[in-house]
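Please build the complex by placing chains S, A, Z, W, X, B, H, P and G on the supplied structure of chain C, with the hints as guidance.
10 protein chains.
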Amino acid sequence: MLFHVRMDVNLPPAMPHEQAEELKRSERELAQRLQRDGQWRHLWRIAGQYANVSIFDVDSVDTLHALLTSLPLFPYMQIQIMPLCRHPSSVRDGDA
Amino acid sequence: MLFHVRMDVNLPPAMPHEQAEELKRSERELAQRLQRDGQWRHLWRIAGQYANVSIFDVDSVDTLHALLTSLPLFPYMQIQIMPLCRHPSSVRDGDA
Amino acid sequence: MLFHVRMDVNLPPAMPHEQAEELKRSERELAQRLQRDGQWRHLWRIAGQYANVSIFDVDSVDTLHALLTSLPLFPYMQIQIMPLCRHPSSVRDGDA
Amino acid sequence: MLFHVRMDVNLPPAMPHEQAEELKRSERELAQRLQRDGQWRHLWRIAGQYANVSIFDVDSVDTLHALLTSLPLFPYMQIQIMPLCRHPSSVRDGDA
Amino acid sequence: MLFHVRMDVNLPPAMPHEQAEELKRSERELAQRLQRDGQWRHLWRIAGQYANVSIFDVDSVDTLHALLTSLPLFPYMQIQIMPLCRHPSSVRDGDA
Amino acid sequence: MLFHVRMDVNLPPAMPHEQAEELKRSERELAQRLQRDGQWRHLWRIAGQYANVSIFDVDSVDTLHALLTSLPLFPYMQIQIMPLCRHPSSVRDGDA
Amino acid sequence: MLFHVRMDVNLPPAMPHEQAEELKRSERELAQRLQRDGQWRHLWRIAGQYANVSIFDVDSVDTLHALLTSLPLFPYMQIQIMPLCRHPSSVRDGDA
Amino acid sequence: MLFHVRMDVNLPPAMPHEQAEELKRSERELAQRLQRDGQWRHLWRIAGQYANVSIFDVDSVDTLHALLTSLPLFPYMQIQIMPLCRHPSSVRDGDA
Amino acid sequence: MLFHVRMDVNLPPAMPHEQAEELKRSERELAQRLQRDGQWRHLWRIAGQYANVSIFDVDSVDTLHALLTSLPLFPYMQIQIMPLCRHPSSVRDGDA
Amino acid sequence: MLFHVRMDVNLPPAMPHEQAEELKRSERELAQRLQRDGQWRHLWRIAGQYANVSIFDVDSVDTLHALLTSLPLFPYMQIQIMPLCRHPSSVRDGDA
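Protein chains in written order, with my numbering: chain C, 50 to 145; chain S, 50 to 145; chain A, 50 to 145; chain Z, 50 to 145; chain W, 50 to 145; chain X, 50 to 145; chain B, 50 to 145; chain H, 50 to 145; chain P, 50 to 145; chain G, 50 to 145.
Keep in mind the hints are simulated off the structure, nothing from the lab.
Every residue, glycine too, gets a C-beta built ideally from N, C-alpha and C.
Chain H stretches covered by chain G per the calculated footprint, using a threshold of three residues with CB under 8 Å from any CB of chain G:
#, stretch
1, 111 to 118
2, 124 to 138
Partial selection, computed: residues in chain C whose CB lies under 8 Å from chain G:
#, residue
3, Pro62
4, Arg94
5, Ala96
Bound conformation, chain C alone:
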């Protein structure tokens, strides 16, 4: 089941540099593991923004919520979710 997720990150300017770097490092590790597992199906940077557009493929909304709230940057993100479904004109197996 597919969900379109936009995440906008806002780290407080006063956060120490090391803390920010450590957060980003652990975020990257988890993001890459979830991509390899297939649950975080696509991940793109929005040009000029500290934000991404992602496509998640999960078995339930509860799983999606658990994944998102487990992200180290979750407390610093604004998240918007749109449920997606297969488009009748799609010809791509991977988009279902």
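Leaving out everything else, chains S, A, Z, W, X, B, H, P and G in the frame of chain C:
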């Protein structure tokens, strides 16, 4: 080069049924040809909306504009474009 | 799997009275059948609006989209969907 | 009498961990007591958000306001209220 | 129980003058009867707008919805409702 | 002359409790004196919000501005003003 | 008493040219008479818009509403009103 | 050449009282000098707001920008500019 | 003097094809003449939109307004204007 | 390939003066180098704002993102990007 495109379709209620069907049929044909060509890389329906989220992979903004304005439903669509780039945490070759 | 759906209805003022009544009658029949089936779990009118708030319990986003687009009033509705999940403080079995 | 309430929580990043945990613990206790009393009829988490959608069943607006302002997290919440009424197509006794 | 209601009226420009006048005349009659009954407690015109701000005093949300949808101009109005309660600093008996 | 005023209060979380209480106490005293004087004609709490809807009856805009800026909580309020006038359908002497 | 008024005009495209011209001609006559009377104190066109910014100097809100609703273009205008008062740094007698 | 300028002032709550007073005093001096010079043609307070509406009469956009950024309160203001031109129905020499 | 202008075009769907083509043809002629004159300094299409971003270089706001309202498509455009000035970091003579 | 970029700068009020000056100085150096390279094709100040409108000419979205995120002021900017393409009515070689 990747672009995130959202299209919202609004057909006028007074449009004759056959005209609407013909528009949708030719739209679908072109959408499927562009997907097979690789320029319309992803296409999903937004649940509950007459709208889609798409990822285009084109060699220039001019090409993207030419593709979008050639769509039969273009006169009836609201279109929003966000340029995308590779995310530093992405592990998926197909997302670049 | 639960989804929060808000539907705002806008019938064109020029629609003949009988057509509007027939649409509403068939909408009501389908809404009541889906409620009895358990997929349309809750349905409330928003006071002062021709709009409702609903909770759907479906097995997938595709099912939800199919249900919503099958509604006779669908072409005249604005629909907003929010995926829900169980709240950690909930004590009510029926809310999962 | 039913009210649709959306609560978005924003705890200040600088709040000490224990204080936040104590707030959430006492919030949960009160939320569960009010659910058992029947006044907080439904409670769902919005996926990806520190926010909930709730349905309250109270005898007056004054009661609703008193309940909401008694919540330990009230000073950190944005609250939106929509009065609901029975939908003419509803078949569910519990939705009135 | 008090509700703050804002009504914005939009009559279609093509509506025949007599139909508009008849609608307004019957609207005025009902508005005045509801004011005398005490359910439509206050009614003010917003300067420069075809819109009003009203305070309703009703025994339930269902009653409020029934009153509003019975207004002859209801199909041509945008309506926004805010539940009110007694302000702790109020000294006026009539505001509860 | 009547004005519809909405005031939303935002006290900084870091304000010491006593200072906040003292501000609210002096705000209440002034609000009650202005209500007794007749210039602050109505005052209601918006349910679920630290906000009020008020009707002022003043002899000029300058008087209204002087009253509002003299409120102890003024530096912490967002204020929106709409000029009102008598509604042609009003039957209530007190609404003019 | 001063009020800042913004008027945006939207004439329906289908309105016959002569009717539009006649409306504008009578609007201009009334606007000029009210300017000479001193009640319509300033009138400027917003560049690139069929819209104006005006300053009215009237003895009451009721007078302002009566003036605005007497304008021939009133049914085709969106109007926004902000009450003004003398600025403490103003040195210009005419701005009070 | 005329420009409509709205300035909303937000002084940080933590600014020491003397610093705020000194800023306001020097702001007032400059504002009054620019009014006497004729470049700041009108200045009004928006009722209930720490905000003003002003009309500037300058020989170029660069001059307008230089004036605005020279204001002592500039770092604490949100500024919106609309270019104005003479209204064809204006009868007032001073509005050109 | 430079102004940033965004124009969004909305031709009514019911406009006959020839009328639309004639409007666009005369629009193009005037746009090209004004570009050669130097008053319409830049003109770009916004990708995916029937809209453009333009830079005008005119001697006054009145001239800008006269140019814009003389465009054949003016009655079908939404126009937004932002005054520009030379950026202190600009190294390009043509941007002043 | 052309992109329209708007940058709004918000430096924290608490930033020491020297740090702000150093940031602006290095920002200016880089901006001027990128203008001379031809990638930052136009740069204008928006009047009355700490903001600019820029036109970038880059070979890809990735290049644009890399340029923008390398700006010393990037962490303090809100950035909005619109892809542009040649306008069919443009007569200016430099606008393609």
